[in-house]
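2 protein chains.
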Amino acid sequence: MLLHKIDEVRESIIKWKKEGLTVGLVPTMGALHNGHLSLIKKAKETCDKVVVSDFVNPIQFGPSEDFDKYPRTLDADMELCNETGVDIVFAPSANEMYGEGQRLSNDTLTYVCPPFFYVNKLCGKSRVGHFDGVCTVVLKLFNIVQPDFAFFGQKDAQQVIVIKKMVKDLNVPIKIVQCPIVREESGLALSSRNKYLSEAGKQDALVLSKILNNIKVCYNRGITDTDALKETAYGFLTDKHEMEYLEIVDKETLEDKKQADDNSIALIACRVENVRLIDNIYLKED
Amino acid sequence: MLLHKIDEVRESIIKWKKEGLTVGLVPTMGALHNGHLSLIKKAKETCDKVVVSDFVNPIQFGPSEDFDKYPRTLDADMELCNETGVDIVFAPSANEMYGEGQRLSNDTLTYVCPPFFYVNKLCGKSRVGHFDGVCTVVLKLFNIVQPDFAFFGQKDAQQVIVIKKMVKDLNVPIKIVQCPIVREESGLALSSRNKYLSEAGKQDALVLSKILNNIKVCYNRGITDTDALKETAYGFLTDKHEMEYLEIVDKETLEDKKQADDNSIALIACRVENVRLIDNIYLKED
Chain G
1 MLLHKIDEVR ESIIKWKKEG LTVGLVPTMG ALHNGHLSLI KKAKETCDKV
51 VVSDFVNPIQ FGPSEDFDKY PRTLDADMEL CNETGVDIVF APSANEMYGE
101 GQRLSNDTLT YVCPPFFYVN KLCGKSRVGH FDGVCTVVLK LFNIVQPDFA
151 FFGQKDAQQV IVIKKMVKDL NVPIKIVQCP IVREESGLAL SSRNKYLSEA
201 GKQDALVLSK ILNNIKVCYN RGITDTDALK ETAYGFLTDK HEMEYLEIVD
251 KETLEDKKQA DDNSIALIAC RVENVRLIDN IYLKED
Chain Z
287 MLLHKIDEVR ESIIKWKKEG LTVGLVPTMG ALHNGHLSLI KKAKETCDKV
337 VVSDFVNPIQ FGPSEDFDKY PRTLDADMEL CNETGVDIVF APSANEMYGE
387 GQRLSNDTLT YVCPPFFYVN KLCGKSRVGH FDGVCTVVLK LFNIVQPDFA
437 FFGQKDAQQV IVIKKMVKDL NVPIKIVQCP IVREESGLAL SSRNKYLSEA
487 GKQDALVLSK ILNNIKVCYN RGITDTDALK ETAYGFLTDK HEMEYLEIVD
537 KETLEDKKQA DDNSIALIAC RVENVRLIDN IYLKED
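Residue numbers (the numbering used here), protein chains in the order written: chain G, 1 to 286; chain Z, 287 to 572.
In short, the hints are calculated from the structure, not lab data.
These numbers come from a predicted model, not from an experiment.
Check before you lean on any hint, since a few could be wrong.
Said to hold, decoys possible - Which residues of chain G face chain Z? A partial, calculated answer using Cβ under 7 Å:
{"hint": "1", "residue": "Leu104"}
{"hint": "2", "residue": "Val112"}
{"hint": "3", "residue": "Asp169"}
{"hint": "4", "residue": "Pro173"}
As the list claims (entries may be wrong) - Using 20 Å as the maximum straight-line C-alpha spacing, the simulated SDA-like pairs for lysine to any residue come out as follows:
{"hint": "5", "chain 1": "G", "residue 1": "Lys15", "chain 2": "Z", "residue 2": "Asp293"}
{"hint": "6", "chain 1": "G", "residue 1": "Lys17", "chain 2": "Z", "residue 2": "Ala380"}
{"hint": "7", "chain 1": "G", "residue 1": "Lys168", "chain 2": "Z", "residue 2": "Ala380"}
{"hint": "8", "chain 1": "G", "residue 1": "Lys121", "chain 2": "G", "residue 2": "Glu255"}
{"hint": "9", "chain 1": "Z", "residue 1": "Lys303", "chain 2": "G", "residue 2": "Thr22"}
{"hint": "10", "chain 1": "G", "residue 1": "Lys164", "chain 2": "Z", "residue 2": "Glu470"}
{"hint": "11", "chain 1": "Z", "residue 1": "Lys454", "chain 2": "G", "residue 2": "Thr224"}
{"hint": "12", "chain 1": "G", "residue 1": "Lys168", "chain 2": "Z", "residue 2": "Leu307"}
{"hint": "13", "chain 1": "G", "residue 1": "Lys164", "chain 2": "Z", "residue 2": "Asp434"}
{"hint": "14", "chain 1": "G", "residue 1": "Lys175", "chain 2": "Z", "residue 2": "Asp393"}
{"hint": "15", "chain 1": "G", "residue 1": "Lys17", "chain 2": "Z", "residue 2": "Gly385"}
{"hint": "16", "chain 1": "Z", "residue 1": "Lys303", "chain 2": "G", "residue 2": "Phe149"}
{"hint": "17", "chain 1": "G", "residue 1": "Lys257", "chain 2": "Z", "residue 2": "Phe353"}
{"hint": "18", "chain 1": "Z", "residue 1": "Lys303", "chain 2": "G", "residue 2": "Lys164"}
In this text, a Cβ means the ideal position worked out from N, Cα and C, and glycines have one as well.
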């Protein structure tokens, strides 16, 4: 069932809650791929009812980012959601979410701001305000859908950590379920932004997962110095790659590590054909 | 019933919700007086179950403010709550609310930040970060208690407006009920901070309500120019009064007015015996 209005969603939710049914939320920006599908499947396994939100959230994009050209494929998304037995696809307009004619800034809107320590690094360093926008829209969706469980992909590792921190800090009564990265056979992590890439670009993009896999292999062979581990990346890079960051940090707290350990995660952001791609890997299990 | 732990509160709430009972929350910092009592009575009228939170919230006090000396009277508060049939008094420690050994700053904690436009004026101008602290703790309490209704006094007018804005912006599924200011017979608005005043100070403090009443009288006699209305205050002031602000703004949006109208509110903050006191009045009804 496709719904565009907050009140319509709430009506269903209230009915479900009265029947004692559990609700799962999969927040997405649409352009659904098999990564999202794995979240939906997990939600179906875990909950009686599943809501997928499909909303390209303007306040998490910077002025020079790809908000306008971000892929919007609602018809295909609906097909996929119907096939997988999603109960509600919630696809609101920006006006429905933020108010008619509302200027979208922290001058006029209440924001949820994750701690500086979690956002002044990795993706947050180049995407100033991005995680404020993410946390704000996610909390809005949480309040609209009031799910028992919400499902996020490990692909956006910093995002999941920031959202878990928000849930803890604000006592949000929702359980966050984190699902593994889904990859193409080539190793490329699925992303809606892969649509921007040419075939040659997709080949060049494999370097992200190759670098991460190699760091994991090196770590498991005994190299723990994070500078040394990061240096193993350079052999993979060509002039097709514009590296933004490669970091090895604690997978819960995002603290920098001089020595990697079994709680470490390696994260990378790199531009290929001017498309910003991210990926990550746990050094121990994955 | 006095509870100190979040999980204990949640246990009761879940039980009540299963029974289909409505829940009202009265968030307080304790030191309960008849103003709080009016909120509790309203909550009792409106809801099946009433929770009063009693927590002096460290993150809404500035470093030079009165957090340490703020009155703490839990025994007396409990007595009053028992007399009025409050179901739960929730009096957590700071550790319970913010985590053991947690440094309380936006470097380490997720904050809810109301829009600059609502907080860069009136009390927010001198109390930088105050409303971030208020919104953060109120949203935490909302998420812990999950009430159907929450009750706030008009005494802290800017606070109620900021909280209503938060509820709207973040789609919080809670109805905010605003209750009128309760005054002593003298006209002095009840406040936990009145305890800091000597008898002479209490007399000097009457000037706040006198100034506001006089502005209301002048407005209802046809003076609408807000500068002219504000000038009527000066006759009341002595060297016992250290005025912080006197403003006439829209009662919903806090927008400055050149001409007062029936949607205007006059707000005052003034120090007496170095105690910061606030008060306000609707120019039309009250």
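Each hint, compared with the structure:
Of the supplied interface hints, the one on Leu104 of chain G is violated, with its beta-carbon coming no nearer than about 11 Å to a beta-carbon of chain Z, more than 7 Å. Look at Val112 of chain G: its Cβ gets to within about 6 Å of chain Z, closer than 7 Å, so that hint holds up. The beta carbon of Asp169 of chain G is positioned within 7 Å of a beta carbon in chain Z (closest approach about 4 Å), and the interface hint is therefore held. The beta carbon of Pro173 of chain G is positioned within 7 Å of a beta carbon in chain Z (closest approach about 6 Å), and the interface hint is therefore held.
The hinted pair formed by Lys15 of chain G and Asp293 of chain Z fails the criterion: a straight-line CA distance of about 26 Å is larger than 20 Å. Of the supplied pair hints, the one linking Lys17 of chain G and Ala380 of chain Z is violated, its CA atoms being roughly 33 Å apart against a limit of 20 Å. The straight-line distance between the Cα atoms of Lys168 of chain G and Ala380 of chain Z is roughly 15 Å, inside the 20 Å bound, and the hint therefore holds. This hinted pair checks out: Lys121 of chain G and Glu255 of chain G have alpha carbons roughly 10 Å apart, not beyond 20 Å.
For the hint linking Lys303 of chain Z to Thr22 of chain G, the alpha-carbon distance of about 14 Å falls within 20 Å, and the restraint holds. Of the pairs offered as hints, the one joining Lys164 of chain G and Glu470 of chain Z is violated, with about 47 Å between alpha carbons and a cut-off of 20 Å exceeded. A C-alpha spacing of about 49 Å is found between Lys454 of chain Z and Thr224 of chain G, which places the hinted pair above 20 Å, so the restraint is violated. Taking the CA atoms of Lys168 of chain G and Leu307 of chain Z, the gap is about 27 Å. The hint is violated against a cut of 20 Å.
A distance of roughly 25 Å separates the Cα atoms of Lys164 of chain G and Asp434 of chain Z; the hinted pair therefore is violated under the 20 Å criterion. Among the hinted pairs, Lys175 of chain G with Asp393 of chain Z is inconsistent with the structure: their alpha-carbon atoms are about 24 Å apart, more than 20 Å. Straight-line distance between C-alpha atoms of Lys17 of chain G and Gly385 of chain Z comes to about 31 Å, which puts the hinted pair past the 20 Å bound. Using a Cα cut-off of 20 Å, the hinted pair Lys303 of chain Z and Phe149 of chain G holds, with the two alpha carbons roughly 18 Å apart.
At most 20 Å may separate the alpha-carbon atoms for a hinted pair to count; Lys257 of chain G and Phe353 of chain Z exceed this at roughly 37 Å. The straight-line distance between the Cα atoms of Lys303 of chain Z and Lys164 of chain G is roughly 25 Å, outside the 20 Å bound, and the hint therefore fails.
Hints 1, 5, 6, 10, 11, 12, 13, 14, 15, 17, 18, counting from the list given before, are not met by this structure.
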